[in-house]
Structures are given as structure tokens and as C-alpha cells.
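Chemist: Construct all of the structure, not just a fragment, from the sequences and the given hints.
Chains as they are written, first to last, in the numbering used here: chain A, 1 to 342; chain B, 1 to 342.
Hint data in this document are derived by calculation from the structure and do not stem from the laboratory. A virtual CB, placed ideally from N, CA and C, is assigned to each residue, including glycine. It is possible that part of the hints are untrue.
Stated by the list, open to error - Calculated pairs, SDA-like style, for lysine to any residue (alpha carbon to alpha carbon, straight line, at most 25 Å): (1) A:Lys111 to B:Met28; (2) A:Lys204 to A:Gly82; (3) A:Lys301 to A:Ala167; (4) A:Lys111 to B:Asp102; (5) B:Lys111 to A:Asp102; (6) A:Lys111 to B:Gly118.
Said to hold, decoys possible - Covered stretches of chain A (in silico footprint by chain B; criterion: 3 or more residues with CB under 8 Å from a CB of chain B, positions within the stretch not fixed): (7) 96 to 107; (8) 144 to 155.
There are 2 protein chains.
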Amino acid sequence: MANSAKQQNTDTEQTPLERLSSLLHDDMKAVNKSIIDHMQSDVPMIPQLAGYLIASGGKRIRPLLTLACTRMFDAGTDRPFGLAASVEFIHTATLLHDDVVDGSDERRGQKAANLVFGNQASVLVGDFLFSRAFQLMTADGSLEVLRILSDASAIIAQGEVKQLTTANNLETSMDDYIEVVSAKTAALFAAACEIGPVIAGQDKQAQAALAEYGMALGIAFQIIDDVLDYNAEQEKLGKAIGDDFREGKMTAPVLIALENASDDERAFWTRTMGELNQEDGDLARAMDIMIAHDSLNKGVKLAEDYAAKAIAALDSLPAAARDSELGIALKDLITFVINRAY
Amino acid sequence: MANSAKQQNTDTEQTPLERLSSLLHDDMKAVNKSIIDHMQSDVPMIPQLAGYLIASGGKRIRPLLTLACTRMFDAGTDRPFGLAASVEFIHTATLLHDDVVDGSDERRGQKAANLVFGNQASVLVGDFLFSRAFQLMTADGSLEVLRILSDASAIIAQGEVKQLTTANNLETSMDDYIEVVSAKTAALFAAACEIGPVIAGQDKQAQAALAEYGMALGIAFQIIDDVLDYNAEQEKLGKAIGDDFREGKMTAPVLIALENASDDERAFWTRTMGELNQEDGDLARAMDIMIAHDSLNKGVKLAEDYAAKAIAALDSLPAAARDSELGIALKDLITFVINRAY
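Modeler: Below is the structure:
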């Protein structure tokens, strides 16, 4: 099984995410059908814009989590299809709105939807997908699922607003950052996982364990994402880096570099991230300072703390679920999320 | 009772909207408390921005409709408070997003929230209020209410996207326009009314009648709004006019003027609304053309057709509800909506 970093990087072995996809292949086909069916509308721009983003091939990690957290309990129901689609719609709606808010140029290696269809359409199609998500949940009929996902949606929006107020603010604490990350990213991971045992008719303990797993996994995932945004290796792979720097987002690597900053360095961060007064070469200097302070490795260490929490959360599941193929794949996924950084 | 246009315009008589407010005074206090309580958040910008718009004193017509359509059946439950708040949250969220989409300068006689707090915060706080609305519905627990309001939300977003595609398009038909108006405005009026009999435990017939009332009232309301945007009398009252003209929105008065336009006039509409190539004096000329074609009066006539449908819908209600004080106030409200144009 592909559970060491080395094996994951060989071409012949599947990554844990790919393994999750192949274990859930037929289910994901049904989820993808539900996604396509439910983004239809008489107004052609809606399936065009939604399809543009959805077909651009995200990893579908959130619907995979919902499916895995249902099927690991041997539940044979069709219910997760619509609900996993609804999780992906909430995610897609937040991406559309984020790209407008951030003025993004690119998403998943193609032009961001707001640049192709306009900010107006991106806002409104986001609203449509968000509404569709609640229509799907209502059709399913579980008030507990509605509670979990409406709570998550409110928390996501709060996290995004809080992120606005921490941007360009050098007084942002690591606690503020973890709060933002927990809300804007991890809350939907947690909800995607938590609805699994609800659909599978499991008890509150399984629900709490998988919510905790999703939350810790999501925090680790976002910290690694934030670390990768300053990683020169990513740039060599042709991936865009430095977005957070240009927007003045106060993420883990910057906060770590700030902790032990010299006066000179603090002045640099104040000018570039606080005042967004940036010149050519500033990103390179930011990355040099981070190397000097070991910020990226320390960022990964922080993510590893959450990875450990995610592993511990799985340990409290009933043995049959935890030791199932899907249970093991969920555990391997944690290592995979961390190993993206290497 | 204030059921003639003349009486409504005197200072001593209440308008039907004011009468509805005073009949439902205590209930509305509870709704307003629910609105204030549920827009709170640890992230200060959320209550600040939401409060800015909510405190600016909208007419609260949608929550009043929900309350009236519950209480007219003598239902004594507290349930409409949270649900009426949730209707107002959906409305507020769409206003916040609309103002971003339209690049609005003003709303309810004050600077639009997007200008004060930024487009980013307006998008995200809109998302927050929208999520809060679904949290409130979930707490209430009626899947029928969730169905009605999630359907309405999806239809509103579709209508807004369709409006984007009809803007600046001189080929827009009156059917397209009515479809946009039904979706972007009337769907929420209809839903606000329809949930009343659901809360009051009434049958499907009462539900359908009040949904139809709300839909027809909402269409009439929006047509009159669109007529007023070209009304010189409004300008004398200090109200902004010409917003739709400047944005190239294809509303009833323009579509009517286009029906019998001379070649010269068609060229004018093509330049000003199709190409948004506008000069000083164009709005005045647009208004002159409309007077020549009797567009505003014909627009009001169109609204009156929907007013008649709204009245007919009320007729199919059980006599006790229809003839109650609230039933009569709902009927008078139709006339009031039309009389705004005079």
C-alpha cells in the first residue's frame, strides 16, 4: 500500500487521493452525474460558467470525503450522491466568490471564471450554486445534514470576512490565522466528513470523530497550501507562487518569519505586505528571509501537528470502519496532504 | 379605511403598508429582534455591514407578508419570527450582491454598502446572511419551508443572471422581461407569502393561493418600480431616477417605447441602451420619447393586470382569512403598490 512518502512519488503507485478515487470510482461517477444534472438551468450562462469551473478538474476531495465517510460504515444507500454534489456546489460557489474578492487571474491552471464571464456573473452563479446545494439537501430531507452544512456555510463566510480584516495587518496572530484557516477551508472538510456517518445512520461519536478528522485534515491542507505559495520548487514545476504575498495575506510562513524578524526585516514586511508597496525582487527577498528563518519547514511542522490530530480522531472510530480499505485510505490521505510540501 | 388612492395620500390616514405594520406591530418587533440577534458574529465587520443596510430602514415588506399570511389564519405560533427574519436575510443578501453587480452608488437614500465597506465585504457578508437564513430555517425544522425558500433563492439567482444577459439587448421581449421580474423580485414575495399558510398548518390550496398572490403582487411592484425610474415627478421629490437607463436595463417602459419606435428613436435606444454610449440630455430625451408613446401609463396598465391577478388569488382563500383585517390589508396593499406610480 502506498503509505510512505517515497512510494507515493513513484509513477507506478497510486497516491492515496487516487486510491480513494479508484475505491469510490462508481460512486464518484454517480456524484459527477448529479453535479452535471443539477447545474443545468434555462439560463445558458449558468451551466456555461459553472461547467467551466467544474469541468476544469478540481480534485473533488470534498465529495470523496463524504463518500468515504459514508461507505466506510458499509452503508449501501444512494443518498450520498446528491449530498456530495451539494458539498461540491458549496465549494464551487465559494471559489467563484473568492476569485471575485481576490481579483484572481487564474484558477486550476486556466483563466479564472471572473475574467472569462465577468465578476457579475461569477457572483450570481455562485449564489445559484449555493441555492442549488440547499435544494439538494432539502430533497434529501435530513435536518441534521442541513444543520451541519448551513452551519459550515456561515462559518466559511465569517472566515472569509475575517481574512479580509487580517490581510495587510502585521499584528495578526497565529491564533487569528488558525481561526481563518479553520473557518474558510477546514469547516467544509469537517462538514463533508461529518455528514457521512449521519447518512450511514451512525452514532454521535462517529460523527464527532469524523468532523474532527475533517477539521484537522483541512487545517493541515490549508497550511501546506500556504507554505507551497512560497516554495521555489513549485515554481520550477510551473505552478504560480507568490499570490498570497501580492495580496498581503498573513499566512503561516509570513507569521513565522515575523516572529523573529530583525528591524530591517520587519520594515520590509510592513512595506510589502502591510502597505502593499511592492517592487521587483521583493518576492525573492521574502523567500530568502523565510529560508533564513526556516519558515517553510516550521510551517510544515505546524501542519504535522494537525495531521497527528487527524490520525488520533480516526483512532476513536469503530474498528471495522477504521480498518476498512476506506478507513486506511483516509489515514493515508493525511500523510499525502503533508507530503505535498516535499 | 384607506382603500382609495386619494385617502392614501392624505397625511392623517395610514397607507395600507403602514396599516399592515401597525396590525403586526408586536410581531414585527419580535422579527426585528430576531434579525438583530442573528446578524451578530465574532467578526465585527459582519454586524457593522449588515446593520448598516438593515438599520437604513427598508420597508420590511417581505417579513410583513410572511407574518400577515400566517396570522390571517389565526395561528398563534412564534415560528414566523425566525422565518420572517430568514426571508429578510435572503432579501438583504441579494441587495448586497446586486449593489456589487450593478456598481451601485446609493441604496435607501444612503451610500451603498459596497462603497462604504468595499465590494469584497459586500459579497462575503451577503454569503453570510444567506447561510444564516438557512440556519434559521433548519432550526425551525420545516422541510416544506426549506423547499419553498431554497427554490426561491435558486430562481432569484437565475433571474439575476438572465437580467445580465438581457441588459443592453434591444431584442429583449416583454416575455423575457416578465420572466426576469418574476424571478428576481416576485419569487421572494411569493415565497414570503407561501410559507405563511405552511406555518399556520393550512392546506395546499391556501398555500397555492398566497403563492400566486405574492407572485402577482411582486411583479406589479417591480413594474411600478421600473416605471418610477423614468418618472419626472419622482425627481421633483428628490428621488434618483434614470439608474436603469444608465445601466441599459431593458425594463417595461423602454420595451413599450421600443414597440412603436421610429427609425430615429430606435437608433437612439441602440446608441444609449444597447451601446451605453450616453451623452448629457439623453435621459431627458428618453423620457420625452416615453411620454410620446405613453410608455409610463402603459407600464402602469401592465402592472394593473397583475394587480387583478393578485386580487383574484385572494378570492380563493377561505372567507375567514380573506375577510379578516389582515386579509383586507393584503388586498389594499395591491392598490397601494399600483398607486405609488401616481
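Chemist: Next, verify each hint and record whether it holds.
Modeler: Each hint, compared with the structure:
1. Between Lys111 (chain A) and Met28 (chain B), the direct Cα distance comes to roughly 47 Å. Violation of the 25 Å bound is thereby established for this hinted pair.
2. Distance restraint check for Lys204 (chain A) and Gly82 (chain A): the Cα-Cα separation of roughly 22 Å lies within the 25 Å cut-off, and the hinted pair is therefore satisfied.
3. As the CA atoms of Lys301 (chain A) and Ala167 (chain A) are separated by approximately 23 Å, the hinted pair is consistent with the 25 Å bound.
4. About 23 Å separates the Cα atoms of Lys111 (chain A) and Asp102 (chain B), which keeps this hinted pair within 25 Å; it holds.
5. Proximity of Lys111 (chain B) to Asp102 (chain A) is assessed by CA-CA distance (about 23 Å); at most 25 Å being required, the pair is judged to hold.
6. Only pairs whose Cα atoms come within 25 Å are accepted, and Lys111 (chain A) paired with Gly118 (chain B) is accepted, the gap being roughly 24 Å.
7. Only residues whose beta carbon comes within less than 8 Å of a beta carbon in chain B count, and the segment 96 to 107 of chain A has 3; three or more means the coverage holds.
8. Counting residues of the segment 144 to 155 of chain A whose CB falls under 8 Å from any CB of chain B gives 6; the rule of at least 3 is met.
When held up to the earlier numbered hints, the structure conflicts with hint 1 and nothing else.
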